[in-house]
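Order-wise, the sequence lines are chains A and B.
First residue of the first sequence? That's 23 in this note's numbering, and the numbers climb one at a time after it.
First residue of the second sequence? That's 1474 in this note's numbering, and the numbers climb one at a time after it.
If you are wondering where the hints come from, they were derived from the structure by calculation, not from laboratory data.
A hint or two may mislead.
As the list claims (entries may be wrong) - SDA-like mimics (lysine to any residue), calculated; alpha carbons at most 20 Å apart, straight line: (1) B:1721 <-> B:1711; (2) B:1583 <-> A:140; (3) A:294 <-> B:1711; (4) B:1579 <-> A:209; (5) B:1583 <-> A:207; (6) A:294 <-> A:208; (7) B:1577 <-> A:214; (8) A:283 <-> A:273; (9) B:1533 <-> A:202; (10) B:1533 <-> A:194.
On a predicted model such as this, the values are computed, not experimentally measured, just so you know.
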Amino acid sequence: MSSAIELTGRIAALPKLGRRFDRIIVPALLLAGWEAFARAGFLPPALLPAPSAVLHALADWIFGIDQTTQSYSAHWLHDAYSSAWRVATGFAIAALAGIALGTTIGWWRTAEATLEPTLQMLRPIPPVSWIPLAIIWFGIADKPAIFLVFLGAFFPILMNTIHGVKAVDRNLIRAGAMMGASERQMLWHIVLPAALPSIFAGLRIAIGSAWMLTVTAEMVAVKSGLGYVLWDSYYFLRYDIVLAAMISIGVLGFASDLLIKQLMNAVLHWQKATTVAGRGG
Amino acid sequence: MAEISIEGISKTFHDKSRGRDVAALDDINLSIASNDFVCLLGPSGCGKSTLLNIIAGFEKPTRGRVSVDGKFVETPGADRGVVFQQPTLMPWLTVSENIAFHLKLKGVGKAERRERAQAFIDLVGLKGFEAHYPAELSGGMNQRVGIARALIMNPRVILMDEPFAALDAQTKSEMQEELVGIWQRHRGTIVFVTHSVDEALVLGNKIVVMTRRPGRIRDLVEFDLPRPRDVTGAEFNDMKRYVLNLIKEVATKEAA
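Just chain B, same shape as in the assembly:
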């Protein structure tokens, strides 16, 4: 059964200052199975973040509907964990309190919150930083907090919007490796937005290649290369060539 079912989603924004409508997404149909790691790949402005926001319930589609685990998405909710492009932590809470924020909202007591947060602090490698505030940590560490904060809710689905885009190359590849590790150990469905072909190929077992404005799905590529993936290997690069060609083809068609 499909975990996430996206049926005929279109989204049009009204550009007030220019008085015209801009189509961001056009008739997106996509079915994502349980435990899939799906990467939405496309150039900036292709509406991939908009699609993610619609699944999260932050934005409403102009047409179509999305269901997660058989329930139609109306509002944001704790069944869908979101990791934002910027860490978006509460600056007045410590690492531990940020991660346990969901538990606090549910009325879980302080001692239990701390204890349950600790497991996720260890999981994302932030042991020793429990009492630090976000402003005292690096961007990569804050993004780990953002991931732990989503994981602690034990959501059916995790939605990630270019979470590693602002990180340096080395931190980025470490984080990608850890994310794959976490996904393999804990299972769960991940939808990951990225504009980087390499990132999509390192992470995803399904890659949705999108076209620019209005965003449409060009192709859905299944990629079952075993992990950890050798980014210098032949299979990886064959796939990379194929995806790059798809994107180039899309770009020339748009230019024409």
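With the rest of the complex left out, here is chain A:
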């Protein structure tokens, strides 16, 4: 009896294992191919470091095992923290401003008429082109980077909030008015919750832009962080560290998006029964 139960349990666990294997098969093949190509010696190892060399550099950068990354050895946590802090600060300011302004523009026609044209004119200007001004205004430190992150994250949040507010079902507003909601209560208890799915879509686009702009700013206007290490290593032809920095940015970007996704799933749990995202299997 017990062995039968054990067997069914094992069979049930199989598809799960299979799916986990599905996920790693493509990256594993790519890495193996890259390693083989690098070791074959078609290119000098300095120009195309093997994955094992990149991993070595990354390990030393993080843990300081044999000083292969020289002055960066064991410095990863500090660099990652610098970048993450800029992302978090710029993103938080952008989220607050974007949601507040987006709600204002989406809800009040006058605000739309007076504010939106200016903002729509600023939107197509690439955030990167603000770098010269950002350096003059804020100097070489955290501030220009945070400013750039803000610019990159603000517009997706603003646009999605405006869209979310404008798309609220008019009958929900009528229901709110029927139950005696003041305008402030209407915005807080009906419009914002109803616009949240759209706002979260904006936040997820924005967190990607935030990482891109932190790294860009660090290459030009800041002397710390993952982007700075990346650019500095390029000057010394340490492509293993360049690649290690790229991987670090990718992983941190992925992790921060995952965090927002988790938050979104927790906040929007009521959507599960009606959307594709919530379907089982």
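Dock chain B against chain A, hints included.
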């Protein structure tokens, strides 16, 4: 004294894409007494929903005025509970929170909200579904939530816009029976919009028969058949014949 007084209401919509005005309601005068169950009966496009929206304060009349309990209607308000054609619940709130939404707006605390909502959850037969979200319930159950949400405000008037139109026949007749039961026990004035003669005759003690575009009142029929009403009985069918003839007469006149 009249609970709802409708004086000379006309409503004209401007059709922007065709550049002309469309008259939806023309000189409606109607006086509804306290505890009346009034059905506005008419074909689609006769402006009966527009009239209801004007009483609710969602739309402004082009001419005329409406007063409820002696006060002129300017905006929507909690003295007039509305049950919409679609349940129109907040999808992010549970059944209990949806019903107690009015109390939340008034600043009533969480524990008291839950307690007061419970009585209305029991009343509309949703015990056991307090923590469900609207998306997890059927259309009929959601409409019950919509009714409970209006009742909890203890409004003087309840306005219902074809609330059972999307339900299957059996659920519809159950809901009609329950609505009559609730109205008999709690009293209050109900204005109920419908295009179904049967529904109007099952529910109303006054039936306002309306004509199509521009909406006018053709006749106001008083119907005091005791409840529960036997829909197969002679009196019911005599009245049904009379109302159907009224509607047919209206239709032929329009066609001519």
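To see whether the hints hold, each was checked on the structure:
no. : hint              : verdict
1   : B:1721 <-> B:1711 : 15 Å, holds
2   : B:1583 <-> A:140  : 43 Å, violated
3   : A:294 <-> B:1711  : 50 Å, violated
4   : B:1579 <-> A:209  : 15 Å, holds
5   : B:1583 <-> A:207  : 17 Å, holds
6   : A:294 <-> A:208   : 24 Å, violated
7   : B:1577 <-> A:214  : 16 Å, holds
8   : A:283 <-> A:273   : 15 Å, holds
9   : B:1533 <-> A:202  : 18 Å, holds
10  : B:1533 <-> A:194  : 19 Å, holds
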